[in-house]
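S.K.: Sequence:
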Amino acid sequence: MKIRMLLILFLLCALVNNTDAQIKGVIIDMETRHPVEGVAIYTNTNKKFFSDKNGHFFISDQNCTSLTLTHNSYVRRNMEIKNMKDSTFIIPKAITINTVVITAKAPKLGFSTSKIVSDMFNDPMTSPKGPSGIDLLSIFEKSRSKVKKSVMRRAHDAVKKY
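Residue numbers (the working numbering): 756 to 917.
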């Protein structure tokens, strides 16, 4: 009975001693608080590991003392194993672009704007007089019968600026 007990104790000690120290954690985006997939994790012993789609990583390197976390969209982070916690936050890189200057020219119209303005006032449906027929109110308003040149010029300038 004592021999069996010693044998089980010996096997248990051998199994405990044989297990590798495993470093594990989760990599999280500092701004969005979402896990980050595909972060490359380099150890100081030149081994490379990656985080999975849930941001989890597992490192089975007993001699590792520090890690370097890199990703194209995030700032590189160096950290010591003794200071590491379960969750590791990484900061997104700021995206900057050079100054953008937008210039445009007024489109060239394929028609005469002055003709459109004059047609607008001569057309019976769109003219200030209204449709053809008897307009009793125009008897009292003689100024509406003829459009002033200043009004035509302002309308022409407004269409030209547009």
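Any given hint might turn out to be false.
As the list claims (entries may be wrong) - Restraint ranges, calculated between C-beta atoms of paired labels, are given here: (1) K903 to V856: 11 to 21 Å; (2) T858 to S905: 45 to 55 Å; (3) K803 to I857: 43 to 53 Å; (4) I846 to K803: 51 to 61 Å; (5) K863 to F805: 34 to 44 Å.
Claimed, not checked - Computed cross-link-like contacts, BS3-like style, restricted to lysine-lysine with a CA-CA straight-line distance of at most 30 Å: (6) K840 to K860; (7) K848 to K863; (8) K757 to K808; (9) K904 to K863; (10) K802 to K837; (11) K779 to K837; (12) K757 to K779; (13) K803 to K848; (14) K863 to K779; (15) K848 to K802; (16) K860 to K915; (17) K863 to K803.
FYI, nobody ran anything at the bench for these hints, they're computed from the structure.
Glycine included, every Cβ here is placed at the ideal spot set by N, Cα and C.
S.K.: It remains to establish, for every hint, whether it holds in the given structure.
M.R.: Status of each hint after checking the structure:
For K903 paired with V856, a C-beta distance near 42 Å fails the hint of 11 to 21 Å. For T858 and S905, the Cβ-Cβ distance of about 33 Å falls outside the hinted range of 45 to 55 Å, so the restraint is violated. The hint said 43 to 53 Å for the Cβ distance between K803 and I857, and at roughly 44 Å that hint holds. With their beta carbons about 21 Å apart, I846 and K803 fall outside the hinted range of 51 to 61 Å.
Distance hint check: the CB atoms of K863 and F805 are about 57 Å apart, inconsistent with the given range 34 to 44 Å. Straight-line distance between C-alpha atoms of K840 and K860 comes to about 58 Å, which puts the hinted pair past the 30 Å bound. As the CA atoms of K848 and K863 are separated by approximately 44 Å, the hinted pair breaks the 30 Å bound. With a CA separation close to 50 Å, the supplied pair K757 and K808 exceeds the 30 Å bound.
Proximity of K904 to K863 is assessed by CA-CA distance (about 25 Å); at most 30 Å being required, the pair is judged to hold. Among the hinted pairs, K802 with K837 is consistent with the structure: their alpha-carbon atoms are about 18 Å apart, no more than 30 Å. Under the criterion of a C-alpha separation no larger than 30 Å, the hint pairing K779 with K837 is consistent with the structure, at around 13 Å. As the CA atoms of K757 and K779 are separated by approximately 39 Å, the hinted pair breaks the 30 Å bound.
With a C-alpha separation of about 22 Å, the suggested pairing of K803 with K848 holds against the 30 Å cut-off. For the suggested pair K863 and K779, the alpha carbons sit about 66 Å apart, so the restraint of at most 30 Å is broken. For the hint linking K848 to K802, the alpha-carbon distance of about 25 Å falls within 30 Å, and the restraint holds. For a cut-off of 30 Å, the pair hint linking K860 to K915 stands: about 13 Å separates their Cα positions.
With a C-alpha separation of about 61 Å, the suggested pairing of K863 with K803 is violated against the 30 Å cut-off.
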